[in-house]
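The residues making up each chain are set out below.
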Amino acid sequence: MLKYTIKRLLQSLLTVFVVVTIVFLLLRLMPTDYYFTEDELIKLTDEQKDDILQAAGLKDSAFVQLGRFYAAVFRGDLGTSRRIMNGKPVTEVIGDRFGISMRMGCMALIISLLVGIPMGILQARHKDGVFDHLGTAYTIFINAVPRLVSYSLIYILGVRLLGLPAMYSTRQTTTSSILPVVCLAMGSIAGYALWMRRYMVDEMTKDYIKLARIKGLTPRGIMFRHVLRNAFVPMAQNLPTTFLLTIGGSLLVERFFSVPGMGPLLTNSINRYDTNVVQILVMLYASMGVMGMFLGDLLMSAFDPRIRLTGKGGESR
Amino acid sequence: MTDSIQTMFDEMPDQGGRIYSTDALEQMTGDSEENLFSFAEYHPEEAERTGYSDYSYWKSVWRIFLKKKFAVAMVILFLAVFIFSFVALAIGKYQYDNLVPDNRQMFISPNREYWFGTDNIGRDYWCQVWYATQTSIKLAAIVALGECVVGVVLGCLWGYVRKLDRFFTEIYNILYSVPTIIYMTLIALMIGRSFWIMCITLILFHWIYMAKNVRNLVFMYRDREYNLASRCLGTRLGTILSRNILPYLISVIILRLALSIPSTIGYETTLSYLGLGLDVNTPSLGILLRNSRAYFLDYPYLLIFPAAIVSIVTVAFYLAGNAFSDAADPRNHV
Amino acid sequence: MTTQKRLAALLLIAALLVSVAACTKTPAPPNTGPGEEVSDPNAGGPQPPVTQTAKELKNWVTYLTTVNEMETFNILYSQNNKELQVLTNCIDPLITHDSYGNMIPAAAESWSTEDNGKTWTFQIRPGIKWVDYQGNPMADLVASDWLYGLEWVLNFHKNEAKNTSMPTEMIQGAAEYYNYTKELPEDEGKALGLDTFLTMVGIEARDEHTLVYTCLAPMPYFPTLATYNCLYPAAPALIEELGVDGFRACTYDNMWYTGPYTITTFVAENEKVLTKNPNYWDESCKRFDTVTYKMVESADVAFQMYQAGQLDHVDLTESNLTTIYNNERHELHNNLAEARPTKYSYQIHLCYDKNLEDGVTPDDNWNKAVANEAFRLAWYYGLDATNYLSRTNFINPQKCANYTYTMNNLVSFSDGTEYTARVRELLGINPDGQSFARLDAEKAQAYKAQAMEELAAQGVTFPVQADYYISGSSQTALDTANVLKQIFTDCLGDDFCVLNICTYISSIANEVRNPKKASFYINGWGADYGDPQNYLGQETYGEDNAYYSDAYSKINDATDPQLIDTYRQYTQMVNEAAAIVDDMDARYEAYAQAEVYMIEHALVIPWYKNVAWQVTHANDYSKIYALYGCQTNRFVNWETSEDAYTTAEYDAFAAAYETGAKQ
Amino acid sequence: MKKEKIILSAKDVEIQFSLRGDLLTAIRGCSLDLYEGETLAIVGESGSGKSVFTKSFLGMLDQNGSVTGGSILFEGEDIALLKSEKDWRRIRGGKIAMVMQDPMTSLNPLKRIGQQVEESILLHQQLSPAEARKEALHMLELVGIPDAARRFNQYPHEFSGGMRQRVVIAIAVACRPRILICDEPTTALDVTIQAQILALIRDLQKKFGMTIIYITHDLGVVANVAERVAVMYAGQIIEIGAAEEIFYDPRHPYSWALLGALPQLGVKGEKLPTIEGTPPNLFNRITGDAFAPRNRQALQIDYKVEPPYFEVTSTHKAKTWLLDPRAPRVEQPDSIKRLSGRMTVDYGSDTRHPHEDPNRETLIEVRGMQVTFGTGRKKFVAVDDVSFEIYRGETFALVGESGSGKTTIGRAITRINPISAGEILYKGQRISGRISKELDHQVIKGCQMIFQDPLASLNERAKVDYIVSEGIRNLHMYRDEDERQEMVRKALCEVGLLPEFASRFPHEFSGGQRQRIGIARALVMKPEFIVADEPISALDVSIRAQVLNLLNELKATYGLTYLFIAHDLSVVRFIADRIAVIYKGRIVELSEAEELFRHPLHPYTRALLSAIPEPDPAVERNKRLVVYDPSVHDYTEEKPVWCEILPGHFVYGNAAELESYRAALQA
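So the sequence lines, in the order shown, correspond to chains A, B, C and D.
Count along the first sequence from 1, add 71, and you get the number used in this note's numbering.
Count along the second sequence from 1, add 8, and you get the number used in this note's numbering.
Count along the third sequence from 1, add 18, and you get the number used in this note's numbering.
Count along the fourth sequence from 1, add 1193, and you get the number used in this note's numbering.
Chain A on its own, in the form it takes in the complex (with noise of 0.2 Å):
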């Protein structure tokens, strides 16, 4: 096990690295007027840029700057950022805005679980009838409409009709928190509704179901005892990288509703040329897709007995 974990371990630092040394690469063909703002690029000339550039030390070739980053990097310096926000370490701007990001995440998740799981199960077992056509309808409207769409009509609805705040605020993190969270979550719904059923009406077509009806096992022992696990082995593996991937923000809600988040941070990051935060961000991105991963096997692991990850030794006689 510890010997799996290490190997999976190295292989998921192996593609953060690849991942991370592309974006570097990628970022510096970026033009580097990116790295002024628009009063800037007014008022100063080539030769004042060039200047800045090189005290920023954006000058150098690419190949110098990744390895100062990476031996700054293994030494534990992460660097600061430039641009968003000139100094400052950039494991504080992140930490600043990953915090709002999970909990603004957490509680989209926890709805979302707590809505959608049982949806797909209630979907499940009323096959065909008028909810599961209900939640049928409601998970294509939201995978099938582009999320502007489906996010502007609840920022109309929020805002308009039930007066709730249009921006996140920090002053009133409860109240002003109910939009986002709800078009976070309205879309993971309908993900864990969709795959919760169509999981659960895979394994009732299995012969042990067949097995279980011949025994005399009502639909509903049936349902418990044997379809709701076997459904959620995998759902089991994605469950880690949604998580991961909730917490680590969204763009477009976070964007909508001023949300001081890890989404919009991504795209000003790139925008403004900050190179470190960028780096980082996608390190970070990286690490949490790569460790999703490796979270949702060993999750799975942990469900289905019939997946021994260490490949041999599980044996048992």
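Heads up, some of the hints might be wrong.
[Unchecked claim] Chain D side only, calculated, beta carbon under 8 Å to chain B, not exhaustive: (1) ARG1489; (2) ALA1491; (3) LEU1492; (4) VAL1498; (5) PRO1521; (6) GLY1626; (7) ALA1649; (8) ASN1652; (9) ALA1655.
Just so you know, these hints were derived from the structure itself, not from any lab.
Think of the CB as a built atom: it goes at the ideal place given N, C-alpha and C, for glycine as much as any other residue.
Please arrange chains B, C and D on chain A, whose structure you already have, making use of the hints.
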């Protein structure tokens, strides 16, 4: 014991529980007893011909698909919208290419002159919406096709050539583990925004999902016996992929094609909203939606029309895709 | 055995998740910061009782869009309005402005020159304290703090080449010192103290309260530079405390303040709160208890919030304005208030050496046409900017009309005559507020005919194709460009000139300007210091620091002799004006003549300025108004009202201001 | 045995399915009386409706099917009328239970074995949880799970197929049903395991006094378990009677055909009697006797009027006009007579043995072959150190249970799987590893393969024409299009298919036809050597004979050499010249076929032989099972060797074992 057997025997379902008399038989068949109890001619070829099934995969797919009334209705609705987008441009009072900004005409709600009202600089919204509809559909179709072509070709290689597995898996990890928006932003800032750049970047980042899908299927079919047979017969890799495996992937490809259209349109609107979408000179529904974001609380019609059309298109393809995947599943061919 | 393994797996997952969660907990949740204790200005509750009869606001809540979030707290480092508008409230300059744009003492009690502006002496006000963000006094502000400030700015390794352009152009030895530090290794540069600096640069602190600058040449307008953030002080004790990197990256809670406010709450991209500095030297000035900035995603969100009573001020977008203006029963219909012009003066900068789309081949057709004065004058007299102006101000488009190169209200003659009024007088333009005043259809037709005749002879084909570049990501720019295109069609006819709208990706400099792909640019210039030289000097021929003529118009690459002669003539006029340092009226008159010459030959075509609409609880005419420097956004001496001002009230303010200005 | 009480009585049951918009009548008026405590076997080919019929006793028909006529009386109630799941639950489990075919999928993979048994105990026996647990443990012991206490807490994936089937049986029996339906419970299992499961079911029946309905297509299994046998064809029971009556004195031509087609009853070198064609399409209305079109001795009336049941004895009835007194007399086929002992045959008296020919030519030689799958820690040795020769003109059979590596050997020879050690020679040339293009083409032409699963071995999306000509296309073995078509036509005719089939798609054909297309595909290359990988194991009994005959015919016509891979020794005995028995990747015994049957030496071979189900109730009921326990070999001190113990008879063992084998041969 004999009793019960006897009862059973009497009640055996011999068309009414009696042994036929010769008369009855002759009456029933219009043939003589002699003839009836003579050997019939045996046709081995007839035997060979009996009982072959008239089952056809595609016929069944089609039949089940047509049964999904709602999906079919949505597809028809989509076609209607698509065709109408041309008609609409033709019958509209204004031509997209000759739109003139006019500050006396701005923000006019839909009326007889301006069927969808006017936008913030007083241009007819009707022709903009329909023009954008065409752009969006064109974009989605090109991206979907591109994704499929690239995804299928590389997915086949990924699935069939074991040595490439590690390589493609790593690519998948690289693309999957970070939000695509990072790459999209980088590219948009680096080489700009245009219809074709958008197409290519979307294909660039989305083929992998198609490829992964195809790869799993190829994996499944690769070691089927008929492929072993082909290998045994010395069939080349390309032929195996194109003749033996690809035909089995068609239903999946069509499904992905159909589902990739709503997702592309959704992606396009998101990117447009973030300012990473199409060039502003090429209005798409995403761009109109983004623009309307600034006005929709005052002038909801600027949101409603493009939003409705976007929803029709995406829901239609989503439903059609899912209906098709149901129909394509041989388990449902009952 | 398997059970154990599964248990182990579960434990591992739990551990990892906990550690992920733990990592994220380290930064303090933003809602438990000191902001919680601050009274909530937008809770909608009753305001604290105001003793004055005029129900003034004690707390001010305004907004910024999230893209305008601050990127630094170091005022010496900032080059952007988005930070300066906040930070000028935090640290006092030597000199600030009043609501008419006059210079008034701030940290400097007085200033003077004895040699026509070659050296300038500032008397620093005694008793000013550096305070921390909670208002606790930390140190005294003394003259030498300005030495540290300038050293910081000019030190390549300390300020990373920011804000150097004006000091290096004006202060003796500044450029040399900057280049000196640039050559030093990073460590040495950062370690530099004042010693070398003082030997090289023309600045000294005669005593604790006397600060002397030496300019490169006599500069009568040097004090106007003293309002700018490149001449701000820095507290050496703070630099000492934070270190060089720490000082550059100072934050609101570790920096020191001398200004009317300190920043007490800062949540990035969400909110910041300025609180009255209890130890501010000027106890007489009127300040708010708190000023709150809300960071909003877009102007429309701001409007929503204003309507919900969460903001005291909102700038109106096109659609808001249209809705309110056209609907007489709208609750805000009578509260529309026209803002004052922004400091930018927008011109059409023509490109005299343009290439074709490949960026290499000269576009002869355009170059010949634009070198022809009749061609340019046809534009000058023919183009009616009204529709273009409506894009910013559709109620009073002519408020946005701009007929001069220099921005209004930059400087005035000693008799009170505003400089640009003199220019307009010389140009013979008398705006009536109803139509675009310089328009002259007859002249336009005549010049058009003349141009077509003359140019046809030179082999120019008509219509001339004019390439106009906009950012590919800006819908507003596209809409505006479409309006402009229509103006060309309506005013000059498609047979003369056709506008092509093209887009660039990110860098207009690299993609358009350097390969010379655009026919013209519409660009705004805001002054850095209070002298017409700052405007007119950008358009001279053959001079390095003439920014527009070199970088945009590419006049130094042009070949047409007649055009060059015109430019030379203009350059000479500007230089003559600049040489007059003892008589300001004569100096301004000479500049006015040069400007008129430039405009009458349509070397550059003045185009518009920004006058927007708003709904507000503050009287703009009571605020600091300056066209240069960065003092405009100081929240001092504002007149405010609990109820939003009405249009009528605002008109009255404007009228009162006009009379005040005359005096 | 007394059969007094009818426990379940089905009358005129008609079951229809709506399939692709059409109505399929799967059961066309089927009646059956089941007696308490008996074992009834229902035999039939796939599609005969045997499974559907019994599923209707449990209300377990698929969603699209329903009982549309007749009645099923059970405990005084017509259960055909039951609709809701709730009603059915009164019947299911406690009254009637069922064991399904595939043990791999019929257990919940995520629940412990014990829990799953416990669940059915709690449902049907009023016991406290603790008692239920004890009872479950007891049940597991009862079905022969060794070390049950420990295995109680294990998951299904930790069990082998046979063990899982035991658990499934335990679950079914734990409900204490009155009737237990066993739906092909051993089809998915190896022969040796099958025999054990059959024995287990018999034991349990005795212990619990259950009535058992046994559904199977394997007449050997029927002979083993059944007291009464019902033969089903096209949705009807066409003959029913006591096991002896059906095996020794069948009356329906279909029963004759079914028995006659068994290779066990065939004579080497002779054609097996076959049933041509395929079962009727049940979408169509069938008039007369459904079997008539395939019956060489059909009467005119068979095409017109459905025959009634004719009583042969009080317990034996058949549904054929041949029993009508007016019908001409038709003799039972020879194979039936042989079975009932009315005729004897001498196996293999005049068979030719190519390997005994002094001028024999070695066509294929395998030397020390090893095949591994996977790498690193997941490495798995499928075949280890295998050597043998195949001589031109012989049929060399490779027999072993699933997972023994027999298919891997076949695929290694046709170069589908690469080998990791050793070499393969074809006509003396090495063909393993890298070879020249020329040799490659030569091998492709010379060595072909026939696959197991006729459903999977044809490309569904290509026409027969393409499938058959794939090889000749690759090697450009024709001059022009006409010649290609001619070659395809010829190949099709040779395997007994109509040339016009070339333009059809595989899904239009039945399993047997498809298998023949697969043979045509190999044949068109004019190969010398064919690897036939279980070519008949996925086919119905009646079809098997066709394919076996065809293979024999082709061998005779073209002098082909076969490597015949099978798990069923009885088939192999009919077709093979020499037999190699493989166990876990190693060949343990190799010998001439009859010699192997006469003198099996290796304990595994003996176990295998004893487990073969014979289609003879008398033999089956009295046979003693030999169970192979690999732990009898003690190879720690002496390494085993591959030894030719008699000329042509090889066996794998160490010195001590070889000694005992020799002793056995002497005896």
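Tested hints:
no.	hint	result
1	ARG1489	holds (5 Å)
2	ALA1491	holds (5 Å)
3	LEU1492	holds (5 Å)
4	VAL1498	holds (6 Å)
5	PRO1521	holds (6 Å)
6	GLY1626	violated (16 Å)
7	ALA1649	holds (5 Å)
8	ASN1652	holds (5 Å)
9	ALA1655	holds (6 Å)
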